[in-house]
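Okay, here's what each chain looks like letter by letter:
There are 2 protein chains.
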Amino acid sequence: MRNKAMLSLVCVICSIVSSQGQAQKTKSQKPLIIQEQGAFSAGGSVTKSEGTFDALKPWNVAQGGQTRHGDHADVLYQIPPKAKRLSMVFLHGYGQSRRSWQTTADGREGFANIFLRRGYGVYLVDQPGRGHAGQTSKPGQITATPDDQTWFTQFRIGLYPDFNEGVQFPKDSVSLNNFFRMMTPNTGSVDETTIVNAMSAVMDKSGDGILFTHSAGGSPGWKTAIKNQHVKAVVAYEPGGFTFPEGQEPKGNRGGKGVPLDEFKKLTRIPIVVYFGDFIPKDETKAASLNFWRNVLATARQWAKVVNSHGGDATIVHLPEIGIKGNTHFLMSDLNSEQVAGVLEKWLKEKGLDK
Amino acid sequence: MRNKAMLSLVCVICSIVSSQGQAQKTKSQKPLIIQEQGAFSAGGSVTKSEGTFDALKPWNVAQGGQTRHGDHADVLYQIPPKAKRLSMVFLHGYGQSRRSWQTTADGREGFANIFLRRGYGVYLVDQPGRGHAGQTSKPGQITATPDDQTWFTQFRIGLYPDFNEGVQFPKDSVSLNNFFRMMTPNTGSVDETTIVNAMSAVMDKSGDGILFTHSAGGSPGWKTAIKNQHVKAVVAYEPGGFTFPEGQEPKGNRGGKGVPLDEFKKLTRIPIVVYFGDFIPKDETKAASLNFWRNVLATARQWAKVVNSHGGDATIVHLPEIGIKGNTHFLMSDLNSEQVAGVLEKWLKEKGLDK
Chain A
1 MRNKAMLSLV
11 CVICSIVSSQ
21 GQAQKTKSQK
31 PLIIQEQGAF
41 SAGGSVTKSE
51 GTFDALKPWN
61 VAQGGQTRHG
71 DHADVLYQIP
81 PKAKRLSMVF
91 LHGYGQSRRS
101 WQTTADGREG
111 FANIFLRRGY
121 GVYLVDQPGR
131 GHAGQTSKPG
141 QITATPDDQT
151 WFTQFRIGLY
161 PDFNEGVQFP
171 KDSVSLNNFF
181 RMMTPNTGSV
191 DETTIVNAMS
201 AVMDKSGDGI
211 LFTHSAGGSP
221 GWKTAIKNQH
231 VKAVVAYEPG
241 GFTFPEGQEP
251 KGNRGGKGVP
261 LDEFKKLTRI
271 PIVVYFGDFI
281 PKDETKAASL
291 NFWRNVLATA
301 RQWAKVVNSH
311 GGDATIVHLP
321 EIGIKGNTHF
331 LMSDLNSEQV
341 AGVLEKWLKE
351 KGLDK
Chain B
1 MRNKAMLSLV
11 CVICSIVSSQ
21 GQAQKTKSQK
31 PLIIQEQGAF
41 SAGGSVTKSE
51 GTFDALKPWN
61 VAQGGQTRHG
71 DHADVLYQIP
81 PKAKRLSMVF
91 LHGYGQSRRS
101 WQTTADGREG
111 FANIFLRRGY
121 GVYLVDQPGR
131 GHAGQTSKPG
141 QITATPDDQT
151 WFTQFRIGLY
161 PDFNEGVQFP
171 KDSVSLNNFF
181 RMMTPNTGSV
191 DETTIVNAMS
201 AVMDKSGDGI
211 LFTHSAGGSP
221 GWKTAIKNQH
231 VKAVVAYEPG
241 GFTFPEGQEP
251 KGNRGGKGVP
261 LDEFKKLTRI
271 PIVVYFGDFI
281 PKDETKAASL
291 NFWRNVLATA
301 RQWAKVVNSH
311 GGDATIVHLP
321 EIGIKGNTHF
331 LMSDLNSEQV
341 AGVLEKWLKE
351 KGLDK
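In the order they appear, the protein sequences are chains A and B. Counting from 1, one number per residue, gives the positions in the first sequence under UniProt numbering. Counting from 1, one number per residue, gives the positions in the second sequence under UniProt numbering.
It should be emphasised that the hints constitute simulated quantities derived from the structure, not laboratory data. Treat each hint with caution, since some may be false.
Note that identical chains are pooled: a pair holds if it fits in a single copy or bridges any two copies.
With a cut-off of at most 25 Å between alpha-carbon atoms, the simulated DMTMM-like pairs for lysine to aspartate or glutamate come out as follows [stated by the list, open to error]:
1) 346 <-> 283
2) 346 <-> 262
3) 227 <-> 313
4) 171 <-> 54
All values reported here derive from a predicted model rather than from experimental measurement.
So that you can see chain A by itself, here it is in the shape it has in the complex:
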């Protein structure tokens, strides 16, 4: 709330700068063939106001007697001809929307496009209270406080204004402008159960699929996999939190309260892979953001042990350990996103998920 201290600088040159953003797109790609594309909402709640609606004075909202449909997910989907057996369902992270998977900061094809070209049907989700799923049952307040540098740093692009050395993120101002503009706020107060319910409704519509999550999407992702049997595998890019059995939640885990062991065991029935990028230190540092990710990676490893000790198949891949360096928190849209996709493709094949 630094409204007084905020200088409102309308950046006249922004439209000029950003109008060059598309220049870097790959132009040599073969055409995409789409059997079917569209959009739908899934799940959600209906709230009602007391009173009597008068259709002759419809603007008199205070008179009540109305409904509000909210808390649903919003989904954009594209299905290629002769699609593979499993769809891919993509859930974004904090402050993001399905835009995370649709494009990159430097205007290349997004991660979903890469796999659409490889024959997968793709379902791109806006979770309740985000993007096109803006209608929620609870009110929201958006402060508009400048925080781009918080995210630049938290997302391990660098310690702002410095870029990490060797970072797989474009350093030009046009790309950074694009990246910041992909952020979009919550439109209302939405709890994790609401997100899980909506995601489960998405899976009912997509049918059997591979659930992709990014960052804060990770935690509701585990619970969606527990709730809905259409989730046949989970691919998690730097999930912020993990679902443990009750009583086994480690300190600092952002996955919330654990679940009964019987529920937890549902995660052992499906293959799971979790990817982490670069710049996560071995030891505590002075940088709070790096310590945060150090803790998340440690929790991930602990969590995979618990899953696997119950007969599960969870793999944690820290990309630098397999020789892939420079990735930020946005592995799927970094400059080497094709390489990151290639690593995943190999895993999908190993697990027989690519049929």
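Here the structure of chain A is known, so what remains is to put chain B in place on it, guided by the hints.
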């Protein structure tokens, strides 16, 4: 603000009901061929907070020294091979997003898809403060007050709970559920100039194109056409307001203050067509929503006369007068959307815009 009077009914069956929404899709369509698709932001502002950002404590937002990129438009685009010379750029109305053009309440292909199949590149916009363009420079407050019935009535589906007789809107509960869930709120306070600037930046990226507007998108649409020479035609579906020359604004017009005559005359250089649906009464009625549209249609006719008196080419088409009955305010997604598209296609051909 009837929070106390609001009964929060979490509708457990919603996800079941809405999971049938896709059943009605046309399955027999030929595959779409897409040369290129992606997403970008266009235009916008940058606000800054005073202070010094500390990258070691990035979460300390109150310390300031940060930027916020906002007030841009967000665009999803698809380009077919050998696209026609003019692109189509689609701007939504109040409480809506590009979802208005992507699908229909009963899950058929949206209007943009229809024209993509006919060889046009399509650019689907979320205006600043809506959908994926959620980041704004000014704060926002979202009340979550139930108002579905206000919109059902205002959009001339009927006088809630009654459907208009012969209405081209699906009457099943699944479709109505889908329709209500397409609404999405403003995420911040955004003025018309901000929208026009962002739309002009969109046109700089799309290149020469036909600007489509719906409802509240109409008014910034006229100003975008005045501002940016890439707008080579305007197709307006029930625009809420009109841009008149200064001093000639009629009473009740929601197009805001008029513009200097020189500016206004830029509208006379391009072909313009404006469509209105059914259920707009000839005389005043007891229903406020119908009187509203009666006034808008009268203003549209008056406006077209002014445009044409200056040598312009503006046509107002009230669909019932050419035998097309039953359309709501959402002509482009009504049950007869293919017919509505056909009427437009004829106009595009007449004006030589279909090359």
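Status of the hints after comparison with the structure:
{"no.": "1", "hint": "346 <-> 283", "verdict": "neither (31 Å within a copy, 68 Å between copies)"}
{"no.": "2", "hint": "346 <-> 262", "verdict": "neither (31 Å within a copy, 62 Å between copies)"}
{"no.": "3", "hint": "227 <-> 313", "verdict": "within (18 Å within a copy, 58 Å between copies)"}
{"no.": "4", "hint": "171 <-> 54", "verdict": "between (57 Å within a copy, 20 Å between copies)"}
Against the hints set out earlier in the document, violations occur for numbers 1, 2.
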